[in-house]
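So the protein sequences, as listed, match chains A and B.
In short: position in the first sequence from 1, add 382, done, that's our numbering.
In short: position in the second sequence from 1, add 382, done, that's our numbering.
Because the hints were derived from the structure by calculation, they are not lab data.
Check before you lean on any hint, since a few could be wrong.
In this list, chains with the same sequence are indistinguishable; a pair is considered to hold if it fits within one copy or across any two.
[Said to hold, decoys possible] Listed next, the in silico DSSO-like pairs over lysine-lysine satisfying Cα-Cα at most 30 Å (straight line):
id	residue 1	residue 2
1	Lys462	Lys649
2	Lys574	Lys651
3	Lys649	Lys598
4	Lys462	Lys598
5	Lys651	Lys579
6	Lys462	Lys577
7	Lys621	Lys649
8	Lys651	Lys598
9	Lys579	Lys462
10	Lys577	Lys621
11	Lys651	Lys577
Number of protein chains: 2
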Amino acid sequence: MERTVFIVSDHTGLTAESVARSLLAQFETVRFRYVTRPFTDTEEEVYGLVYEINSIFEREQVRPIVFSTLANPVLNDQLKTAPALHFDLFRTYLGELERELGQPPTGRVGRLHSVSDNSYFTRIDAVDFALATDDGLGDRHYQMADVILIGVSRAGKTPTCLFLGLQYGLRAANYPLAEDDFERDTLPEPVKAYKDKIFGLTINPARLHQIRTQRKPNSQYASMEQCEYEVRRAELLFKRVGIQYFDTTSASIEEIATNIVQSAGLKRKIG
Amino acid sequence: MERTVFIVSDHTGLTAESVARSLLAQFETVRFRYVTRPFTDTEEEVYGLVYEINSIFEREQVRPIVFSTLANPVLNDQLKTAPALHFDLFRTYLGELERELGQPPTGRVGRLHSVSDNSYFTRIDAVDFALATDDGLGDRHYQMADVILIGVSRAGKTPTCLFLGLQYGLRAANYPLAEDDFERDTLPEPVKAYKDKIFGLTINPARLHQIRTQRKPNSQYASMEQCEYEVRRAELLFKRVGIQYFDTTSASIEEIATNIVQSAGLKRKIG
Numbered sequence: 383m384e385r386t387v388f389i390v391s392d393h394t395g396l397t398a399e400s401v402a403r404s405l406l407a408q409f410e411t412v413r414f415r416y417v418t419r420p421f422t423d424t425e426e427e428v429y430g431l432v433y434e435i436n437s438i439f440e441r442e443q444v445r446p447i448v449f450s451t452l453a454n455p456v457l458n459d460q461l462k463t464a465p466a467l468h469f470d471l472f473r474t475y476l477g478e479l480e481r482e483l484g485q486p487p488t489g490r491v492g493r494l495h496s497v498s499d500n501s502y503f504t505r506i507d508a509v510d511f512a513l514a515t516d517d518g519l520g521d522r523h524y525q526m527a528d529v530i531l532i533g534v535s536r537a538g539k540t541p542t543c544l545f546l547g548l549q550y551g552l553r554a555a556n557y558p559l560a561e562d563d564f565e566r567d568t569l570p571e572p573v574k575a576y577k578d579k580i581f582g583l584t585i586n587p588a589r590l591h592q593i594r595t596q597r598k599p600n601s602q603y604a605s606m607e608q609c610e611y612e613v614r615r616a617e618l619l620f621k622r623v624g625i626q627y628f629d630t631t632s633a634s635i636e637e638i639a640t641n642i643v644q645s646a647g648l649k650r651k652i653g
Numbered sequence: 383m384e385r386t387v388f389i390v391s392d393h394t395g396l397t398a399e400s401v402a403r404s405l406l407a408q409f410e411t412v413r414f415r416y417v418t419r420p421f422t423d424t425e426e427e428v429y430g431l432v433y434e435i436n437s438i439f440e441r442e443q444v445r446p447i448v449f450s451t452l453a454n455p456v457l458n459d460q461l462k463t464a465p466a467l468h469f470d471l472f473r474t475y476l477g478e479l480e481r482e483l484g485q486p487p488t489g490r491v492g493r494l495h496s497v498s499d500n501s502y503f504t505r506i507d508a509v510d511f512a513l514a515t516d517d518g519l520g521d522r523h524y525q526m527a528d529v530i531l532i533g534v535s536r537a538g539k540t541p542t543c544l545f546l547g548l549q550y551g552l553r554a555a556n557y558p559l560a561e562d563d564f565e566r567d568t569l570p571e572p573v574k575a576y577k578d579k580i581f582g583l584t585i586n587p588a589r590l591h592q593i594r595t596q597r598k599p600n601s602q603y604a605s606m607e608q609c610e611y612e613v614r615r616a617e618l619l620f621k622r623v624g625i626q627y628f629d630t631t632s633a634s635i636e637e638i639a640t641n642i643v644q645s646a647g648l649k650r651k652i653g
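Produce the entire structure from the sequences given, and follow the hints as far as they go.
Take a look at the structure:
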């Protein structure tokens, strides 16, 4: 079974898409075909969309599913004339919130991801920081870090740092553990002074072997033996020094980042 | 007026938080204090949470607002005993979807951001690609790019490329336009062969001046004159060569990225 799903928004539609995908992931035997229509904010566009939904309904003989966030009630009513199962993410909760908070919603479009000077600079700064301190670079900046991730190569440090910057505005540096670092019982020299900011990432050796093989097939670096050795030594170090660490083996970037934020008690820096 | 908002999820809670923030942004005179409780999946945790909500209700004399996504109905019922305005993002739409699709939801936790091998490698590859081709580096990889962003320094290219990689799994390279590139009427040599993949970013000169000043105060690079010159020449180039471009001045990273995906007709590579 295949169903067509429209994501209609007067803004980016990223939130609506995320809601739709979480909900529809609960129905595993259905194949969903997503059509996204961000920045839909004119009657002409909605008219075209209604026409499109109609055509699909006629062709597929089953109504499409629409997830929408349209602030303008005129456009919203217009969209609802289409033959679809319509989930209006905007209005479902807004009435109840209005009663609770004793004031009407402003009705302004796309307030969530609008650019505000403050959060713009915070995010860009955090991304710049992650890039400047990636892979052990720029250790002179560590005192400005919110968190410093350490772990073996390909444990997930870089994408997690970038995600922490983009999503939370946090300054995340990362330092790769390598051969030299395993010969001592202490944290590597460059990060030694920042123990309270350090968070470890570990990974299952077989998974690491798979990831490194993807990158450098048949290398010593990717060998199962090397992966087992590095992971064992890294985990030993985490335990010996007493720093928190997280196993990234079956975790997505979102899961790793959320775990770090939660476990390290970090505060989101952007709204 | 200040209200406490709980985001409770058995998974990352990122979707729930995004919904909550979009909705509450509609009430501008209220200050919302967010408390996030990701990975809430035991009765003990929910018990503690109910206690916490109770305490806040007693202290603030107004009930907190709870946005939740808990797949487990037992935990969900338990959470609902707390004195709060409760928005159950999970169940609001699930009943209707179940009827429409003619099958029960699987009830599995956190399917959205779960790691699947395929999307894991696609995302990591896309982030690696953005890093390897940032700021004009790695032009030998351009043939593998989904999109190549060009624009003056600090027009928003790098964070947009990273976001396109993390959010869409798209391989986005970026090439900075500089002095040399303005002396000719054609696309710069390294990107010349890829006109159909190129997307331009532009920015208001005054805004660019502000951003560059933040980075290198009182430099020639940040001067209003230089910013005006570069932007004028870049836009001329975009028009002359006939490539699509987008003004990032008052756009967030999400808005820039969504616009590019939409305008360039790119397809999301990860679920």
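ask   = Should Lys462 paired with Lys649 be assigned to within, between, both, or neither, using CA atoms and 30 Å as the limit?
value = Result: close only across copies, 27 Å inter versus 40 Å intra.
inquiry  = My question is about Lys462 and Lys598: at a cut-off of 30 Å on alpha-carbon distance, are they close within one copy, between copies, both, or neither?
reply    = Answer is neither; intra-copy 53 Å and inter-copy 51 Å both fail.
query = Between Lys651 and Lys598, at a C-alpha cutoff of 30 Å, which is it: within one copy, between copies, both, or neither?
reply = Only across copies: Lys651 and Lys598 sit 23 Å apart there, 37 Å inside one copy, limit 30 Å.
task = Using 30 Å as the alpha carbon limit, work out where Lys462 and Lys577 are close: within a copy, between copies, both or neither.
result = neither (56 Å within a copy, 40 Å between copies)
key: Identical-chain pair category, Lys651 with Lys577, by Cα at 30 Å   = Classified as within; 22 Å inside a copy, 38 Å across copies.
query = Given a CA cutoff of 30 Å, do Lys651 and Lys579 count as a within-copy pair, a between-copy pair, both, or neither?
reply = Cα proximity of Lys651 and Lys579: one copy only (16 Å, versus 34 Å across).
message = Within a copy, between copies, both or neither: which one fits Lys649 and Lys598 at a CA-CA cutoff of 30 Å?
response = between (37 Å within a copy, 28 Å between copies)
ask   = When no copy is named, should Lys621 and Lys649 be tagged within, between, both, or neither for a Cα gap of at most 30 Å?
value = Answer is within: at 25 Å inside a copy they meet the 30 Å cutoff, but 44 Å across does not.
key: Intra- versus inter-subunit Cα pairing at 30 Å for Lys579 with Lys462   = neither (51 Å within a copy, 36 Å between copies)
inquiry  = Please sort Lys574 with Lys651 into within, between, both or neither, judging by C-alpha distance up to 30 Å.
reply    = For Lys574 and Lys651, only the intra-copy Cα distance (26 Å) is at most 30 Å; the inter-copy one is 40 Å.
ask   = Is it within, between, both or neither when you check Lys577 against Lys621 at 30 Å Cα-Cα?
value = within (13 Å within a copy, 52 Å between copies)
Going through the hint list in order, the structure does not satisfy hints 4, 6 and 9.
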